[in-house]
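Asks: Sequence:
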Amino acid sequence: MWGACGLYNTLCALCYAELGASIPQSGGEYVYIKRAFGDYPAFLCLWINFVLICPVGVAALSLIASLYILQPIFPDCDVPPLAERFIAVVIVCFWAYSGWSYLNFLTEELVEPNKNLPRAIMISMVTVICVYLVANIAYLGVLSPQLMTQSTAVAVTFAEQTMGVMQWLMPILIAISVMGTMNGTILSMSRLFFIGAQNNHMPSFMSMIQFSYLTPATSLLVILSLVLCFQSSGDIWYLIEMEGFGFATVLSMVFAGQVYLRYKEPDLHRPIKVPIGLPAVLCLVSVAIVGLTFYQKPSESLTALMILAVGTVLYIMGNRWKHKPKPIQSKINSLNLFLQKLFLVVPQDNPDDLDWE
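In our numbering, the protein residues as written are 1 to 357.
You may find that some hints are simply not true.
Here are the simulated lysine to any residue pairs, SDA-like style, with alpha carbons at most 20 Å apart [as the list claims (entries may be wrong)]: (1) Lys273 to Leu143; (2) Lys322 to Asn200; (3) Lys115 to Lys273; (4) Lys324 to Leu335; (5) Lys115 to Cys12.
Just so you know, the hints here were simulated from the structure itself, not pulled from any lab data. Keep in mind it's a predicted model, so treat the numbers as computed, not measured.
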């Protein structure tokens with residue numbers, strides 16, 4: 001199962017490598033869908049990332065990290081929910097002040113992205129697959145299936161069986177790994193929402209930068225606010241199922257857009273070109289995953305669909321309703337001015353002024 005999932009994700013990554021090398025713009029799937037299908041599908045992609053994928057994913061990761069930190073303290077009983085959520089909040093707040101390295105992975109910040117982007121994808125995917133497979137082989141070699149199903153933190157149980165007095169090290173390493181993922185997600189998604197705001201698909205204050213550090217401070221703060229809201233649910237699996245539904249939906253649009261771009265822009269320079277059948281098959285697989293998730297997890301899927309419906313209403317109000325009444329526009333301008341003063345942010349005059357390092 002781990003090998004099959006690794007192969008599937010590697011094929012998806014190859015398709016993203018083609019898109020990233022062919023369209024070297026920051027914004028990822030939002031940019032690709034916008035180029036293929038236009039504003040509305042791109043906005044839905046942005047909205048799914050904004051409400052589901054980014055905050056839900058980070059909230060789930062923070063809860064998982066807090067679980068691994070607290071599990072050794074409560075080895076013979078369940079971790080108190082209040083303590084778990086408190087640690088999760090501390091983790092998110094701590095990593096919110098970081099962010100100087102992961103933005104280098106964005107396409108516009110890469111040196112020779114047509115060469116280095118595919119290389120980085122393949123090296124990282126092969127490395128991760130090998131690590132996951134080795135870890136699972138080790139778990140299966142030491143732990144019985146019954147013990148694995150009963151454990152709330154399999155890596156901690158494995159460490160108890162194999163590492164002796166050093167077993168305390170395993171949950172710390174797992175928590176650091178998870179927090180690193182959180183850090184990269186928050187920072188890269190803040191860039192996505194920053195680009196979306198520049199295209200008038202998000203509130204304009206999210207397109208502003210902090211004038212001292214030249215960072216998208218408002219975008220980061222909005223993300224962290226949403227993460228804290230989702231953390232209050234405390235149900236890790238509910239969050240993961242919602243995020244999975246949204247992510248599979250976005251993948252369906254991306255792969256469909258990749259196929260469509262082959263016909264819409266046949267002369268587009270593509271340093272890497274995968275067989276057209278690959279994104280077509282992956283699109284069908286992603287649609288099947290959406291359907292399977294809806295069948296198995298109707299509650300989470302319906303919640304995600306309701307969020308999409310809200311996004312459609314907001315798109316109509318924000319992007320189609322161009323000529324708003326003066327009182328409403330005045331309130332919007334006043335709010336933007338207040339947020340500018342509160343967070344010390346200013347509009348970006350020149351994209352080249354940003355120093356993401």
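Asks: Please go over all the hints and tell whether each is borne out by the structure.
Replies: Taking the hints in turn, this is what the structure says about them:
no., hint, in the structure
1, Lys273 to Leu143, "violated, 43 Å"
2, Lys322 to Asn200, "holds, 11 Å"
3, Lys115 to Lys273, "holds, 13 Å"
4, Lys324 to Leu335, "holds, 15 Å"
5, Lys115 to Cys12, "holds, 18 Å"
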